[in-house]
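Undergrad: What follows is each chain in one-letter form.
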Amino acid sequence: AQSVTQPDIHITVSEGASLELRCNYSYGATPYLFWYVQSPGQGLQLLLKYFSGDTLVQGIKGFEAEFKRSQSSFNLRKPSVHWSDAAEYFCAVTILTGGGNKLTFGTGTQLKVEL
Amino acid sequence: GAGVSQSPSNKVTEKGKDVELRCDPISGHTALYWYRQSLGQGLEFLIYFQGNSAPDKSGLPSDRFSAERTGGSVSTLTIQRTQQEDSAVYLCASSLDQVDTQYFGPGTRLTVL
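Line by line, the protein sequences are chains W and X. Numbering-wise, this note's numbering puts 90 at position 77 of the first sequence, and it's gapless, one number per residue. Numbering-wise, this note's numbering puts 170 at position 19 of the second sequence, and it's gapless, one number per residue.
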């Protein structure tokens, strides 16, 4: 079964510092990969997605992620974090089947931004 | 345009009671998904609808859980004889078709006392 690992439960960074959130997946084929963000009391907002093609994908709010097949990773990065980026971040994977593309989520990384 | 909406936003119920949770997807979206977010289990898939059919119900945790979708639009998730372990945030998502990006609603927080 496919699985997603986010090894960091909590991360604290200073405002203006760079950020990298790790995500590793386990699946035989290349899955479709996503990063979502969830602010307190809110639903999930899509930051970016990778389906195919260029392995470096750009998303909203200045985020980017790089797909590395050899490492089964899809890490999320941002060069300079803003206080408003404090939230919980989820990596997710899916494969397309005849039965839709249900998402399998990682356990999430809670990001705290120090001013 | 309007996003995915869910109602109620919060629901408190007593153990053993039945509850209904509603999801209004984005207009024109044929695919609809239910997920559950709980402290112990994280985010889990429950059920997928394509139109009014549910080709994938593999995530429903027990036969106390059921869902339907009517008119290719609104969906209702029903939990019968609620248990304390059903306490969670229930999220609904819709997508234009089964391969498109899923857009999530704000969720319904269910508390079973």
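One should not assume that every hint holds.
Stated by the list, open to error - Selected chain X positions facing chain W (in silico; Cβ < 10 angstroms):
id: 1; residue: Ser158
id: 2; residue: Glu171
id: 3; residue: Ala244
id: 4; residue: Thr252
These are calculated hints, taken from the structure and not from any lab test. Backbone N, C-alpha and C fix where the C-beta goes; we use that ideal spot for every residue, glycine too.
Undergrad: Does each hint fit the structure? Answer for all of them.
TA: Now the hints, each set against the structure:
Annotation: interface hint on serine 158 of chain X violated; nearest CB of chain W at approximately 13 angstroms, more than 10 angstroms. Evaluation of the glutamate 171 of chain X hint against chain W yields a violated restraint, the C-beta minimum of about 19 angstroms exceeding 10 angstroms. Interface hint status for alanine 244 of chain X: upheld, as the beta-carbon distance to the closest one in chain W is roughly 8 angstroms, under 10 angstroms. This hint holds: threonine 252 of chain X has a C-beta 6 angstroms from the nearest C-beta of chain W, less than the 10 angstroms allowed.
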